[in-house]
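Protein chains in written order, with this note's numbering: chain Z, 11 to 270; chain D, 8 to 439.
Think of the hints as simulated: they come from the structure by calculation, not from any bench.
One thing to keep in mind: the hints can contain errors.
Said to hold, decoys possible - As a list, the in silico SDA-like pairs of lysine to any residue whose alpha-carbon atoms are at most 20 Å apart: (1) K145(Z) / M406(D); (2) K15(Z) / I127(Z); (3) K334(D) / F48(D); (4) K222(D) / K263(Z); (5) K145(Z) / H224(Z); (6) K156(Z) / K334(D); (7) K334(D) / G124(Z); (8) K222(D) / A138(Z); (9) K434(D) / P196(Z); (10) K263(Z) / K210(Z); (11) K145(Z) / L223(D); (12) K222(D) / A141(Z); (13) K434(D) / L164(Z); (14) K210(Z) / L17(Z); (15) K156(Z) / V436(D); (16) K222(D) / I127(Z); (17) K263(Z) / G61(Z); (18) K156(Z) / N181(Z); (19) K145(Z) / G86(Z); (20) K210(Z) / R183(Z).
Stated by the list, open to error - FRET-style restraints, in silico, Cβ to Cβ: (21) D360(D) / T129(Z): 40 to 50 Å; (22) G132(Z) / L330(D): 36 to 46 Å; (23) W170(D) / T92(Z): 36 to 46 Å; (24) G132(Z) / L215(D): 34 to 44 Å; (25) E159(Z) / L330(D): 22 to 32 Å; (26) R435(D) / G166(Z): 20 to 30 Å; (27) G132(Z) / I428(D): 51 to 61 Å; (28) S34(Z) / Q176(D): 54 to 64 Å; (29) L261(Z) / I428(D): 30 to 40 Å.
For glycine and all other residues, C-beta sits at the position ideal for the given N, C-alpha and C.
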Amino acid sequence: MTTPKELRAQGATPMVAMDDISVSFGGIKAVDRVSVDLHPGEVVGLLGHNGAGKSTLIKVLSGAYQMDSGEIRINGDKVEITNPRDARSHNIETIYQTLALADNLDAASNLFLGREIVTSTGLVNDAAMEAECRKIMGRLNPNFRKFNEPVSALSGGQRQSVAIARAVYFNARILIMDEPTAALGPHETQMVAELIQQLKAQGIGIFLIDHDVHAVMQLCDRASVMKNGQLVGTVDIEDVTDDDLLSMIILGKKPGEAAA
Amino acid sequence: MTVTTSQPVTPQNKRNIFQQLELDVRLLGMIGAFIILCIGFNLVTDGRFLTPRNIFNLTIQTVSVAIMASGMVFVIVTRHIDLSVGALLATCSAVMAMTQTEFVPHVLGLGLNHPITWIVAVGVGLVTGTLIGAFHGWMIGYLTIPAFIVTLGGFLVWRNVAWYLTDGQTIGPLDSTFMMFGGTNGTLGTSLSWILGLVATVLALLVLWNARRAKLAHDFPVKPVWAEVVMGLVVSGAILGFVAVLNAYDIPTRRLQRMFEARGDVMPEGLTMGYGLPISVLILIAVAIVMTVVARRTRLGRYIFATGGNPDAAELSGINTRLLTVKVFSIMGFLCALSAVVASARLANHSNDIGTLDELRVIAAAVIGGTALSGGFGTIYGAILGALIMQSLQSGMAMVGVDAPFQNIVVGAVLVAAVFIDIVYRKRVGAK
Ligand SMILES: Nc1ncnc2c1ncn2[C@@H]1O[C@H](COP(=O)(O)OP(=O)(O)OP(=O)(O)O)[C@@H](O)[C@H]1O
Ligand SMILES: [Mg+2]
Numbered sequence: 011m012t013t014p015k016e017l018r019a020q021g022a023t024p025m026v027a028m029d030d031i032s033v034s035f036g037g038i039k040a041v042d043r044v045s046v047d048l049h050p051g052e053v054v055g056l057l058g059h060n061g062a063g064k065s066t067l068i069k070v071l072s073g074a075y076q077m078d079s080g081e082i083r084i085n086g087d088k089v090e091i092t093n094p095r096d097a098r099s100h101n102i103e104t105i106y107q108t109l110a111l112a113d114n115l116d117a118a119s120n121l122f123l124g125r126e127i128v129t130s131t132g133l134v135n136d137a138a139m140e141a142e143c144r145k146i147m148g149r150l151n152p153n154f155r156k157f158n159e160p161v162s163a164l165s166g167g168q169r170q171s172v173a174i175a176r177a178v179y180f181n182a183r184i185l186i187m188d189e190p191t192a193a194l195g196p197h198e199t200q201m202v203a204e205l206i207q208q209l210k211a212q213g214i215g216i217f218l219i220d221h222d223v224h225a226v227m228q229l230c231d232r233a234s235v236m237k238n239g240q241l242v243g244t245v246d247i248e249d250v251t252d253d254d255l256l257s258m259i260i261l262g263k264k265p266g267e268a269a270a
Numbered sequence: 008m009t010v011t012t013s014q015p016v017t018p019q020n021k022r023n024i025f026q027q028l029e030l031d032v033r034l035l036g037m038i039g040a041f042i043i044l045c046i047g048f049n050l051v052t053d054g055r056f057l058t059p060r061n062i063f064n065l066t067i068q069t070v071s072v073a074i075m076a077s078g079m080v081f082v083i084v085t086r087h088i089d090l091s092v093g094a095l096l097a098t099c100s101a102v103m104a105m106t107q108t109e110f111v112p113h114v115l116g117l118g119l120n121h122p123i124t125w126i127v128a129v130g131v132g133l134v135t136g137t138l139i140g141a142f143h144g145w146m147i148g149y150l151t152i153p154a155f156i157v158t159l160g161g162f163l164v165w166r167n168v169a170w171y172l173t174d175g176q177t178i179g180p181l182d183s184t185f186m187m188f189g190g191t192n193g194t195l196g197t198s199l200s201w202i203l204g205l206v207a208t209v210l211a212l213l214v215l216w217n218a219r220r221a222k223l224a225h226d227f228p229v230k231p232v233w234a235e236v237v238m239g240l241v242v243s244g245a246i247l248g249f250v251a252v253l254n255a256y257d258i259p260t261r262r263l264q265r266m267f268e269a270r271g272d273v274m275p276e277g278l279t280m281g282y283g284l285p286i287s288v289l290i291l292i293a294v295a296i297v298m299t300v301v302a303r304r305t306r307l308g309r310y311i312f313a314t315g316g317n318p319d320a321a322e323l324s325g326i327n328t329r330l331l332t333v334k335v336f337s338i339m340g341f342l343c344a345l346s347a348v349v350a351s352a353r354l355a356n357h358s359n360d361i362g363t364l365d366e367l368r369v370i371a372a373a374v375i376g377g378t379a380l381s382g383g384f385g386t387i388y389g390a391i392l393g394a395l396i397m398q399s400l401q402s403g404m405a406m407v408g409v410d411a412p413f414q415n416i417v418v419g420a421v422l423v424a425a426v427f428i429d430i431v432y433r434k435r436v437g438a439k
């Protein structure tokens with residue numbers, strides 16, 4: 011199998027290319043002419059200080075926000091993503107930083123929200139959804155037991171597991187993970203790391219937002235660093251050290267560049 | 008993906024009898040409160056409260072508010088409110104009254120009491136209600152004007168549109184077939200009521216049986232067999248008991264005589280006939296069933312509750328929450344029109360003050376029935392039981408001879424107290 015690195019070297023068309031994206035809220039440019047791309051089987055880390063614009067950038071791809079200018083191409087074709095349904099139809103799945111769960115519904119209802127399994131008569135099939143939910147949770151978080159309670163009764167980490175399950179259940183080709191392990195314990199974090207490796211091996215492309223530079227070094231192929239809405243640069247993980255990434259995040263300069 | 012075993016279904020450690028029966032504690036509390044209320048009034052009124060006659064009247068008086076309360080559940084669950092339901096009822100009632108007394112007989116030239124009159128009137132009324140509801144929903148969902156404001160405006164507008172349509176006059180008598188939808192004017196009689204009661208019992212038992220089979224098919228835990236049997240007995244008893252009570256209320260002899268005279272017959276000496284199930288109650292039951300199925304078993308219902316729980320999450324899951332708002336208010340409008348049919352048919356005319364204060368009764372019924380104003384929680388049966396409790400309180404006090412102002416003071420206080428108890432209850436069980 012060709013690795014993502016070889017694909018890039020061959021100049022293959024990326025599965026996702028976000029080109030020159032700008033988003034502003036009122037007067038603030040939250041994302042300022044940022045370009046990132048992603049190849050099959052690749053994990054691209056998005057790094058940056060709080061408020062750098064990472065979540066805003068990926069929300070453009072997931073259909074939650076509209077960009078002011080720029081272009082999104084999927085497998086080379088320009089696409090319009092104006093709402094979350096468009097993103098889903100391109101097999102883009104997202105784990106939001108806020109998790110985006112309906113607290114009053116149980117895990118299975120959240121897992122299938124917007125894509126319920128229905129019976130032949132068109133009614134929602136709760137039993138089938140719960141059975142599927144048990145299957146996927148068995149893989150992601152074997153300690154999960156609270157299937158019949160609203161997710162408001164779950165711990166932060168359990169809720170995060172539900173959000174992760176929702177993103178991976180529907181055979182995503184492009185996965186966006188916005189701080190997926192923020193609320194997880196060490197064991198669960200390790201399981202998510204293994205999950206990312208598995209998904210990567212299946213050729214799924216992943217944007218991973220994570221503040222843990224060490225984790226990014228372990229999991230990612232490339233890292234794009236943002237500062238104040240602008241892209242500092244994109245680097246190959248093989249070519250940099252933890253300290254290089256940290257100085258990109260904090261000082262906003264690429265390794266080898268003079269301090270700005 | 009690697010295949011691993013799915014999560015095992017752990018048998019829960021059942022603790023008490025309620026959990027074995029899997030009954031909703033809140034529902035039990037409400038039923039308990041209702042029973043205490045009824046027994047209390049019955050004692051104070053020397054047994055006049057729990058007579059077939061009074062139960063029959065209580066039932067038909069509850070229908071109009073209960074129908075709208077089931078729609079209000081959806082509205083409140085999605086974090087909105089509708090202050091215009093009474094006014095909307097009045098407009099729908101006025102439109103239907105004009106249709107059956109002016110439009111069909113004179114404009115279409117079909118004369119009074121033509122067989123198609125009621126169909127045209129009801130059809131026009133339901134369309135009017137639905138369209139007005141949809142219009143409210145559009146302003147709330149797409150123009151993002153708060154529901155409180157839109158329906159506060161609607162409260163004034165529709166009450167006075169009704170006035171304008173009828174020049175402020177009472178319109179009546181209504182079409183003779185149309186009037187069958189209201190209270191004593193249209194009942195099934197005893198035999199048909201028994202047949203219907205038996206059919207309903209069989210259907211209810213089938214539903215219980217199917218639910219159990221569906222759970223077993225997925226290896227989910229089921230209630231012990233004795234608990235299922237108890238549930239089945241309680242449900243059958245409730246349905247047949249209700250039919251028996253309504254059948255036990257005899258049509259007054261004078262009225263019966265007139266009914267025979269109207270057919271050109273002579274009433275046999277000593278004949279008695281029970282009213283049986285009123286058609287309006289059947290409408291309420293149908294609404295309750297359909298709305299419950301919508302809430303629990305359809306995507307629409309799932310989206311309504313998801314949006315109430317977390318509107319942002321619903322949006323991010325691809326749910327069109329604006330269109331959903333239009334749908335929810337359209338349903339509310341439709342049900343207001345249906346209530347208008349029942350209410351005006353019961354009164355046998357359209358009057359200017361029809362539905363006055365209904366918005367408050369409907370909201371109170373939904374809230375007493377456990378619908379959370381913060382959104383995301385509520386049941387149809389709760390709202391209907393809430394409407395029944397409110398109506399019982401009001402009729403009971405009237406029967407005891409409590410002064411009118413005191414009646415309203417008590418109803419207001421009960422509403423506030425019910426919500427407080429609800430808050431305490433939710434904290435206890437840890438729900439939000
Ligand atoms: N809906 C919004 N309305 C107004 N401003 C917003 C909105 N969302 C984000 N912003 C602003 O845009 C900027 C970028 O925010 P964003 O959430 O993308 O940061 P982030 O890089 O994800 O930060 P964090 O690491 O804290 O999650 C911030 O200045 C933020 O205040
Ligand atoms: Mg963020």
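Taking the hints in turn, this is what the structure says about them:
1. For the suggested pair K145(Z) and M406(D), the alpha carbons sit about 59 Å apart, so the restraint of at most 20 Å is broken.
2. A hinted pair counts as satisfied when its Cα atoms are at most 20 Å apart, and K15(Z) with I127(Z) does not qualify at roughly 39 Å.
3. Distance restraint check for K334(D) and F48(D): the Cα-Cα separation of roughly 41 Å exceeds the 20 Å cut-off, and the hinted pair is therefore not satisfied.
4. Only pairs whose Cα atoms come within 20 Å are accepted, and K222(D) paired with K263(Z) is rejected, the gap being roughly 59 Å.
5. Taking the CA atoms of K145(Z) and H224(Z), the gap is near 31 Å; set against the 20 Å cutoff, the hint is violated.
6. Pair hint K156(Z) plus K334(D) does not hold up; C-alpha atoms about 32 Å apart against a cutoff of 20 Å.
7. In summary, the hint linking K334(D) to G124(Z) is supported, as the alpha carbons are separated by about 16 Å, within the 20 Å threshold.
8. Taking the CA atoms of K222(D) and A138(Z), the gap is about 10 Å. The hint holds against a cut of 20 Å.
9. The hinted pair formed by K434(D) and P196(Z) fails the criterion: a straight-line CA distance of about 32 Å is larger than 20 Å.
10. Distance check on the hinted pair: K263(Z) and K210(Z) sit about 29 Å apart at the alpha-carbon level, beyond 20 Å; violated.
11. The suggested pairing of K145(Z) with L223(D) holds, with an alpha-carbon distance near 17 Å, which does not exceed 20 Å.
12. Restraint check for K222(D) and A141(Z): the C-alpha separation of about 11 Å stays at or below 20 Å, so the hint holds.
13. For a cut-off of 20 Å, the pair hint linking K434(D) to L164(Z) stands: about 16 Å separates their Cα positions.
14. Taking the CA atoms of K210(Z) and L17(Z), the gap is about 14 Å. The hint holds against a cut of 20 Å.
15. About 15 Å separates the Cα atoms of K156(Z) and V436(D), which keeps this hinted pair within 20 Å; it holds.
16. Distance hint between K222(D) and I127(Z) is fulfilled; the C-alpha atoms sit about 16 Å from each other, no more than 20 Å.
17. Note on K263(Z) and G61(Z): the hinted pairing holds, with a Cα-Cα distance of about 18 Å set against a maximum of 20 Å.
18. Restraint check for K156(Z) and N181(Z): not satisfied, since their Cα atoms lie roughly 24 Å apart, outside the 20 Å limit.
19. The suggested pairing of K145(Z) with G86(Z) is violated, with an alpha-carbon distance near 35 Å, which exceeds 20 Å.
20. Distance check on the hinted pair: K210(Z) and R183(Z) sit about 10 Å apart at the alpha-carbon level, within 20 Å; holds.
21. In this structure the hint that D360(D) and T129(Z) lie 40 to 50 Å apart at CB holds, the actual value being about 46 Å.
22. The hinted range of 36 to 46 Å is not satisfied by G132(Z) and L330(D), whose Cβ atoms lie roughly 18 Å apart.
23. At about 45 Å, the beta-carbon gap between W170(D) and T92(Z) stays in the expected band of 36 to 46 Å.
24. With their beta carbons about 22 Å apart, G132(Z) and L215(D) fall outside the hinted range of 34 to 44 Å.
25. Separated by about 30 Å at the C-beta atoms, E159(Z) and L330(D) satisfy the suggested range of 22 to 32 Å.
26. Remark: the range hint 20 to 30 Å for R435(D) to G166(Z) is upheld by a beta-carbon distance near 23 Å.
27. At about 38 Å, the beta-carbon gap between G132(Z) and I428(D) misses the expected band of 51 to 61 Å.
28. In this structure the hint that S34(Z) and Q176(D) lie 54 to 64 Å apart at CB holds, the actual value being about 59 Å.
29. Between L261(Z) and I428(D) the beta carbons are some 59 Å apart, a value that contradicts the proposed interval 30 to 40 Å.
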